[in-house]
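The chain contents come next:
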Amino acid sequence: MMKRRTLLAASSAALAAPALPARAQGKTKITFWYGLGGALGEEVVRVCRNFNAAQNEAEIEPVFKGSYVETLTSSIAAWRAGQAPHMVQMFEVGTGSMLAAGPAMKQTWQLSQETGVKIDPSVYIPGVRGYYSLPDGRLASMPFNSSTAMMWINKDAFQRAGLDPAKPPTTWQGVVEAARAIKARNAAPIPMTTAWPTWVHFEQYGAMHNLPFATKGNGFDGLDTELRINAPAYAKHLQRLLDMGKEGLFRWGGRDNAAEPLFVSGEAAIQFTSSAGRAAIARDAKFNWAMAMLPTDPEVNPNPINSVIGGASIWTMTAPNRTMAEYRAVANFFAYISQPAVDAEWHQRTGYVPVTTAAYELSKTQGFYEKTPGTDLPILQLSRGQLSENSRGFRLGRMVELRNIIQEEMERALQGQQTAQAALDSAVQRGNRVLREFERTARG
Amino acid sequence: MERRTIFSGWALPAALVLPQLLLTFFFFLWPAGQALFYSLQRQDAFGIRTEFVGLENFSELFADPLYVETIWRTIIFCALVAFISMALALLLAVFADREIRGRGVYRTLLIWPYAIAPAVAAVLWLLLVHPQIGLISGMLNAMGIAWDYKLNSAQAFTVVVLVSAWKQVSYNFIFFLAGLQSIPKSVMEAARMDGAKGWRQFRTIVFPLLAPTTFFLIVVNMVYAAFDTFGTIEALTRGGPGKATETLVVKVYRDGIVNLDLGSSSAQSVVLMLGVIALTAVQFRYLGRRRDS
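Just so you know, the protein sequences line up as chains A and B, in that order.
Going by this note's numbering, the first residue of the first sequence is number 1, and it counts up by one from there.
Going by this note's numbering, the first residue of the second sequence is number 445, and it counts up by one from there.
Don't take each hint at face value.
Calculated Cβ distances over 12 Å to all of chain A for the following chain B residues [claimed, not checked]:
#, residue
1, T468
2, I577
3, I618
4, A622
5, I649
6, V664
7, L704
Lysine-lysine pairs mimicking DSSO-like chemistry, simulated, CA-CA at most 30 Å apart [to be verified]:
#, chain 1, residue 1, chain 2, residue 2
8, A, K371, A, K236
9, A, K27, A, K155
10, A, K167, A, K183
11, A, K246, B, K687
12, A, K236, B, K687
13, A, K167, A, K246
In short, the hints are calculated from the structure, not lab data.
Quick reminder that beta carbons are idealized off the backbone N, C-alpha and C, glycines included.
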């Protein structure tokens, strides 16, 4: 059955450099497909080059495959054609789908066992480890680039608006007031915008306020899960965004990360996006900026807990004729990127959080957080309070589709075509249909 | 009066048609067969678990009110694109057919947009209509129109219709121009002697004589609007805001490539295939009838 090559597979295999089990000059060559462009992509290539220079058994060839979604599609097509890369970088919301992919993946614990290369789950930060582990604590994929959503402010615009740039708002009420001040003083064309609307305003919002995003512990405890994002707290928050839109305080910048350029260009004074936005903002922003924790709603939960990680992990893929030497090279790479020095350097150059506790400690002793104040905020936000079943992550199948459904309903609500509650009811109804479909395919 | 070559054996004729048959097999029958096969299955993204589900993918599709909405949206979209691009092309062709200075230059310039890839055309227009940096949006905002096609369904739909129509004007222009040039001069002169001029001449003589061209173009433009506009729409709006610019082919891509639901995506392809077969059948019948008469 695996021989059946689909049109998709055939076309992608023709485009992709086939991951041949080649052994040139005695080195084991392995391929790594990644999905980060721009400044972050350059850092991925750097890590691979450093690995190649640090040892002489294996050589990694990093290949940029477009966005995370495109990377996922290409690797599925390649696997079906028997040409999967050795490693693929997969975003965190793809975890549910990857776990259902059975024989296509060699999970990290299995890789460690077969190759004898020690990969100890306990070195990773709990919030990171939990997301990528099986219920019994064995690692399914390899933690790599983890971030969390943060609030970003244009300090110059805050100054112009008569606000204290050193004290960014910590509550949503405070954000609304700051946005009003920015609009009143005309301190920036757009008071507030947001990237990743679903991730920030539903997934993170739910986790931090300890509200379920979906039943069954956000999908960790079973495939028969249902969305819960039409609960009153979510509807109230969406209604606030709608009201801010009407008042000219909030500008919809598009789906996924489409809104990011609005902040970098200096147009938007407040935005929400990944902590990993730092590499690009530091490079391109021509104004003073700061990163702050996500605002919360004290009336929903006076003691907000941790936010959830985003970003991606690395999955080991299988292919016919793949040798143990190749798997060992993959395992060695995993061990390499888990070294405190390597992880700390990655963290400090990108804005991703360290995935190991040791790298966090190392960055502290190196004085990184004193030199660049605020860079430890994502870590503090990720480790705030007591981890709950609502804040450990998401294990929902076809989560990309769920995110798009929510974004579509938000777009319709922002145009005044429906109320916040109607939008979320509709998103839940449509989303549950997708979850049922996934449940049926995953059970087979 | 037909001239036919009579082959003595079957080997040579078979060899002559073989390349065409192979092309048809590999580029049509095989993928179409795959689509049909997958439309009857439920399968996970990796193809590990496959289950035969009969026509369930189809019944789920048509039970979904959003899919039915998308069908209607696609029909309206195709009709608008075909009408606007053909009307503009006909107008331009009528003017370019006149005896004017620099006729060749006009004609060449009008054919240019046809050489641009859909995605490139979309990016060009994106720079014009972008809510923040667009040239046209700047003017519209100055005129007091709050322009933000990323969050206004009507504006988004207008943009994708106009860009898709613009892209097809050149193609229609070439056919209309050729059609106009094939109208016998004697007919036009006779009309003029009978006193038909301007609009009346166009309505009663030129337009009816262009009917075969027009009909051919309607079919071609409908197929273009239904299929070849994918690049334009995906680059401009990705089907949003909401589902305002999601046509059938955009949905096939979204469900198949992004959402990795091969069964439903294949079922949608089969529905689209039936649509094209119907359009082609109409065209063949009509053309066949004309030849008979």
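Margin query: Taking the earlier hints as the rules, which of them does this structure contradict?
Written below: 2, 7, 8 and 9
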